[in-house]
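S.K.: Just so you know, we're using the working numbering here: the sequence shown kicks off at 4 and counts up by one.
Just to be clear, a hint being listed does not mean it is correct.
Calculated cross-link-like contacts (lysine-lysine; reagent style DSSO-like; alpha-carbon spacing at most 30 Å) [claimed, not checked]: (1) K275 to K381; (2) K255 to K280; (3) K36 to K69; (4) K6 to K193; (5) K381 to K280; (6) K36 to K13; (7) K13 to K37; (8) K69 to K6; (9) K255 to K193; (10) K370 to K381; (11) K6 to K37; (12) K37 to K69; (13) K6 to K36; (14) K69 to K13; (15) K255 to K275; (16) K381 to K193.
For the record, the hints were derived by calculation from the structure and aren't laboratory data.
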Amino acid sequence: MQKPLPQLLKEYDMPIGLFPEDATNYEFNEETKKLTVFIPSACGEVGYKDSSTVRFFTKVTGNLVKGKLADVEGINTKVLLIRNTLQLVNGKKEKKLHQPGIKPRPQPNPNLSRTHRPPLYHRRGLLFRLKTTMRRLSISHSLLPLPSPLNPSAVPRRQLFAPSAHHGIRSELAFSFGNHLIPHPAKADKGGEDAFFSSSYNGGVLAVADGVSGWAEQNVDPALFSQELMTNLSQLVMDEEVNFDPQVLMRKAHAATSSVGSATVIIAMLEKNGILKVANVGDCGLRIIRRGQVVFATSQQEHYFDCPYQLSSEIVGQTYQDATVFSVDLMEGDIIVVGSDGLFDNVFDREIVSIVSGSQDVADAAKELANLASNHSKDANFDSPYSMEARSRGFDVPWWKKILGSKLIGGKLDDITVIVGQVISLPDKGGVGLETS
């Protein structure tokens, strides 16, 4: 049995606080003394010397000798520094990481942050507005998902909602669904970085993946990961091992994805008995609307504001085990809206209810919702759900500007994917249809 990392470090006269507390996974060769430590929090603080560029560790490898860790290498090929604690990391010189008792602040790997957020706006009175890029400040790391707007407590790992009151024999149920995707204006040529999958298999399968655009900084197309992930979903949805379990489907599709990158993802699967099963990683979302009211809303999962949980090609990403998983008993006439954060960051729930309640066709509803989100995203004067959330997290104009009537405001440009499904009764057994994008 492998001994705890602090115990191993102590045996070699190393400070037990050498690595972050969450760095418990390691490999050690007794003969060569080669130590490899995996760091989930990807800790780092500053970049090249006096530069403000940030680079982060995901894995550290070095030779463990008495009192020091020699020939340290990071998995990242870029140079890494941690102020006052880490010397140049190039795999050649002997280094110290950081002194005992010093705990580096958790930060994300650069490719995990959504770096291509559009600017928000300062609006001062009714006279003019000043466009400004929102500052990226490091805030406390949280492993808890954001609360649902309907439920201030976090959604538990598994939650079964009370079934609807049904008497007598219940007919088989399925989704009638429509979808619409509007890419970010700057990414229209390639169709954006979102991808979706919809199928009439069993009662219906709806899934959305949102490629994390920060990978573009490393010359990686963020669309490739999300597209391959959805393609794998379409090929595995009827797999016997999946057994109509969205979490298992997520695991197998993620394992089969070879593209570099990461994506947030949500999978919703309706059984013909009316049970909706959902697995969600990140900030894609789902709303259930019954009789003109939102009766359920998913919560975001994020490390900190604007850095969501995500399935990744890298070890620092999340897995199917981090998914929020729940099931809901649906009834005929219920409407489900699944989308990327481009929808929910720009459209309020009351607007979603208004549109789907007034639409006669699910395809029209999906298109209308996507168009509304797109219009809001380009509106500098629209106080969007995203800008309101940003202000609640401390991203706002200075107090003296608030006195003058200024505040952080505006929509958020992004890829927008919307799938609208309505629960219908099945008089006869339907066929299987697949659609991916």
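S.K.: Against this structure, judge whether each hint is valid.
M.R.: Tested hints:
1. For the hint linking K275 to K381, the alpha-carbon distance of about 40 Å lies beyond 30 Å, and the restraint is violated.
2. For the suggested pair K255 and K280, the alpha carbons sit about 17 Å apart, so the restraint of at most 30 Å is met.
3. Restraint check for K36 and K69: satisfied, since their Cα atoms lie roughly 10 Å apart, inside the 30 Å limit.
4. Between K6 and K193, the direct Cα distance comes to roughly 49 Å. Violation of the 30 Å bound is thereby established for this hinted pair.
5. Only pairs whose Cα atoms come within 30 Å are accepted, and K381 paired with K280 is rejected, the gap being roughly 34 Å.
6. Taken as a hint, the K36 and K13 pair is honoured in the structure, with Cα atoms around 14 Å apart against an allowance of 30 Å.
7. Between K13 and K37, the direct Cα distance comes to roughly 16 Å. Compliance with the 30 Å bound is thereby established for this hinted pair.
8. Taking the CA atoms of K69 and K6, the gap is about 18 Å. The hint holds against a cut of 30 Å.
9. In summary, the hint linking K255 to K193 is supported, as the alpha carbons are separated by about 27 Å, within the 30 Å threshold.
10. Among the hinted pairs, K370 with K381 is consistent with the structure: their alpha-carbon atoms are about 17 Å apart, no more than 30 Å.
11. At most 30 Å may separate the alpha-carbon atoms for a hinted pair to count; K6 and K37 meet this at roughly 15 Å.
12. Using a Cα cut-off of 30 Å, the hinted pair K37 and K69 holds, with the two alpha carbons roughly 13 Å apart.
13. With a CA separation close to 15 Å, the supplied pair K6 and K36 stays within the 30 Å bound.
14. Pair hint K69 plus K13 holds up; C-alpha atoms about 10 Å apart against a cutoff of 30 Å.
15. At most 30 Å may separate the alpha-carbon atoms for a hinted pair to count; K255 and K275 meet this at roughly 23 Å.
16. Taking the CA atoms of K381 and K193, the gap is near 20 Å; set against the 30 Å cutoff, the hint holds.
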